[in-house]
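Novice: Take these sequences, add in the hints, and give me the full structure.
Chains A and B, in that order, give the protein sequences. The first sequence begins at 0 in numbering that gives the first Met the number 0 and counts up one residue at a time. The second sequence begins at 0 in numbering that gives the first Met the number 0 and counts up one residue at a time.
These are calculated hints, taken from the structure and not from any lab test. As the structure is a prediction and not an experimental result, all values here were calculated from the model. Glycine residues also receive a C-beta, built at the ideal position from the N, C-alpha and C atoms. A couple of the hints might just be wrong.
[Unchecked claim] List of simulated lysine to aspartate or glutamate pairs, EDC-like, C-alpha gap at most 20 angstroms:
no., chain 1, residue 1, chain 2, residue 2
1, A, Lys140, B, Asp8
2, B, Lys7, A, Asp59
3, B, Lys191, B, Glu204
4, B, Lys17, B, Glu329
5, A, Lys194, A, Asp220
6, B, Lys7, A, Asp102
7, A, Lys17, B, Glu186
8, B, Lys190, B, Asp136
9, B, Lys66, B, Asp112
10, B, Lys1, A, Glu121
11, B, Lys425, A, Asp220
12, B, Lys425, A, Glu121
13, A, Lys142, B, Glu325
14, B, Lys1, A, Glu83
15, B, Lys269, B, Glu283
16, B, Lys342, A, Glu83
17, A, Lys193, A, Glu128
18, A, Lys193, A, Asp207
19, A, Lys142, B, Glu329
20, A, Lys140, A, Asp102
21, B, Lys17, A, Asp102
22, B, Lys123, B, Glu237
23, B, Lys138, B, Glu167
24, A, Lys60, B, Asp429
25, B, Lys342, A, Asp59
26, A, Lys87, B, Asp4
27, A, Lys142, B, Asp8
[Unchecked claim] Where chain B lies over chain A, by a calculated footprint (3+ residues, C-beta under 8 angstroms):
no., segment
28, 50 to 64
29, 74 to 84
30, 96 to 106
31, 112 to 122
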Amino acid sequence: MSKRPLLSTRNLRKVYGKRDTRFEALKGIDLDIYEGESVAIIGKSGSGKSTLMHLLALLDKPTEGSIKLNGKNTSKLRAGKLNEIRNKEFGFVFQSFFMNSNDSVLNNVILPLKINGVGFRERRRRALEALRIVELDDKAKNKANDLSGGQKQRVCIARAIVNNPKVIFADEPTGNLDSATGERIEKLLFGLNKKKGITLIIVTHDQDLADKCDRQIHIADGKIFGENTREDVDLEDFDGDGDNDGMRDHNTTKHIDVEED
Amino acid sequence: MKILDIIKDANVNLLRNKLRSFLTILAIFIGSFSIISTSAIQAGVNNFIDSQVDSYGGEGYLAIVAKDSFDALEGLQGAMGGNSGPMEYDPDKIQTGMSPITDEQIEKLKKVDGIDGDSIIEQKSLNITYVTSKETDKKYLFAAEALPPGNVKVDTVTGRGLDLKADEYQIVLEEKYVDALGYTNEEIVDKKIQLVVLDEYTHQEKIFDAKVVGVIAPGVVSMGQSYTNNKLADDIYEENTKYYPEEVKKNTYAVAANYDYEKYSVEEIKEKLKDIGLSAMSIEDIIGTIKSFFDVILTVFKIFGLIALLAAAIGIINTLFMSVQERTREIGLDKALGMSSAKVFLSFSIEAISLGFWGSVFGITVSMILGNIVNAAFHSEGGFLEAFPTFNLATYTISDMISVTILIMVIAFLSGTLPARRAAHKNPIDALRYE
Ligand SMILES: Nc1ncnc2c1ncn2[C@@H]1O[C@H](COP(=O)(O)OP(=O)(O)OP(=O)(O)O)[C@@H](O)[C@H]1O
Ligand SMILES: [Mg+2]
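Specialist: Take a look at the structure:
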């Protein structure tokens with residue numbers, strides 16, 4: 000593939016702590032992720048999956064190595080630009096739901112838009128639309144804490160898509176859910192990937208979920224030790240536009256602009 | 000994030016822990032209450048004193064005596080145990096008793112730059128035996144003097160002011176006489192009352208029919224005096240002094256004059272008068288002592304208020320640190336989703352400022368309610384301000400309210416910076432892992 004990757008890491012290292020507590024969570028990760036693909040980062044607990052995802056999502060800074068977004072080195076970006084990218088281009092589904100449990104479902108979904116400064120009516124409209132996609136619009140007024148685990152995860156997905164992102168990072172999106180609920184969440188995520196061309200980066204230790212992604216990156220002990228691609232990718236017309244061009248339809252996927260403005 | 004959203008969220012967050020916020024606001028309330036209350040009392044006292052100053056002679060007024068008389072007074076004070084110890088008697092330097100102001104000195108005074116020569120009047124003490132009216136059989140002791148020169152604003156309750164140059168006898172009557180003489184404030188205007196002077200030798204009564212042209216509220220400076228126009232004062236003085244030898248009659252011990260207070264400071268004028276052997280006192284000198292007495296007391300209370308605010312500031316710091324701790328995950332989420340550190344800082348600062356704002360509004364409101372109750376109680380029958388209807392002990396000015404609120408909001412903001420900084424520096428990843 001000659002195409003420029005959306006996200007590209009070279010020799011990515013992350014060290015936590017100092018001296019006695021020093022721990023090298025990532026030991027040199029080289030990874031390219033392309034627009035519109037779905038990538039699973041799979042590995043055992045403690046292997047460094049979440050750490051890697053946080054670095055890719057620009058939530059944290061690597062100890063060493065580079066992360067390029069659309070070919071641009073992210074270490075050169077100002078904090079304000081990083082905030083803007085996370086706010087407008089990325090969607091997050093965190094490992095433990097991570098929402099304001101005392102607030103209403105609607106307010107939780109609205110949060111990224113509120114931070115972005117979207118006006119009251121507009122953000123409400125878009126949040127309700129996102130809730131409709133995850134089929135929870137009837138729960139908009141409920142307190143987030145009162146929902147079931149599966150419903151909470153769907154609220155998190157609604158929050159992740161409310162800003163119409165280009166990339167969704169999902170950390171164990173089906174982790175604590177029963178298999179039926181898990182499947183529903185998976186369907187939602189892959190549907191977004193295929194219909195909207197949203198790049199999907201899923202962190203999981205579940206092989207079944209990983210198998211549904213275009214690519215699986217296996218990590219163990221902070222290193223990539225293998226990668227496999229799903230063979231049938233190029234034969235199917237995932238995005239449903241009839242041109243059978245594989246799922247990476249670059250005309251429909253979105254470009255992230257990292258130029259400073 | 001929009002600033003309005005931040006302000007709204009800050010107040011929602013304060014409501015999330017109502018008791019804690021309430022207690023913090025209560026601490027601020029105590030500080031706010033004591034500061035605004037002392038300011039109100041200070042404003043009330045100052046207003047009162049200012050209105051008294053105006054009723055006496057206003058700005059530019061000078062009471063002038065011979066320098067020797069002034070020194071004699073000071074010496075007397077020293078003898079009575081001023082803090083400088085008793086003064087030694089020195090026949091060359093100190094005379095006891097009053098020294099007259101010479102005609103020569105008056106002429107010089109007229110020419111002093113900054114003194115309005117036309118305003119100079121002799122201050123004559125009038126000896127009136129009693130006052131009565133056609134509506135009563137009773138006779139009352141009475142004190143009056145000619146209205147001092149200058150920008151006199153007689154604090155009249157009803158009626159108009161004096162026409163100083165009028166050819167008839169006019170008087171502005173102290174309010175407490177109105178009822179005693181059998182009238183109401185409205186009725187008495189333009190009625191004549193009788194000022195009676197007893198002849199010391201013949202014991203015959205000489206009656207002056209004076210037209211009441213106004214009623215004044217009693218005041219501290221006027222000390223219950225009424226004011227006459229020049230003609231009435233001159234004629235009563237003439238009657239009082241008709242047996243005096245010409246030389247004594249001619250003696251002047253005190254004059255009043257106006258100086259140009261816009262061009263000269265009172266100190267400059269005093270210097271100039273010293274050169275011609277005269278001493279002057281401005282109205283501020285006369286009542287400055289009263290004012291400084293109140294100022295000392297009120298400053299002490301204000302310091303108490305500030306100490307209370309300092310304690311409240313620590314309360315704010317504590318409350319916000321707890322709030323930051325509790326909301327670690329929430330802050331982490333906000334930051335993960337792209338909120339800038341500056342906005343996080345701002346949102347906690349606004350929370351602190353809101354605490355300050357509500358505390359100060361609460362304090363001002365309660366103080367105003369109590370202030371009005373106290374004002375009303377003091378003015379009611381038997382209240383200790385019954386005699387001073389124009390004096391409100393607590394006077395709330397918009398500028399005081401605004402400056403107290405701003406002061407408290409600034410203190411609250413400063414106390415909030417510490418916790419707000421901690422919140423702003425939180426790392427979203429640490430927050431994500433925080434349980
Ligand atoms: N802030 C930190 N300080 C010290 N060590 C950390 C920190 N964060 C993570 N680690 C360590 O880094 C390693 C990788 O953590 P990470 O959360 O990436 O694992 P993971 O692969 O996501 O595991 P899981 O599947 O259980 O979520 C772990 O051994 C963890 O203890
Ligand atoms: Mg993890």
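Novice: So which of those numbered hints doesn't the model satisfy?
Specialist: Per hint list: 2, 5, 7, 11, 12 and 23 violated.
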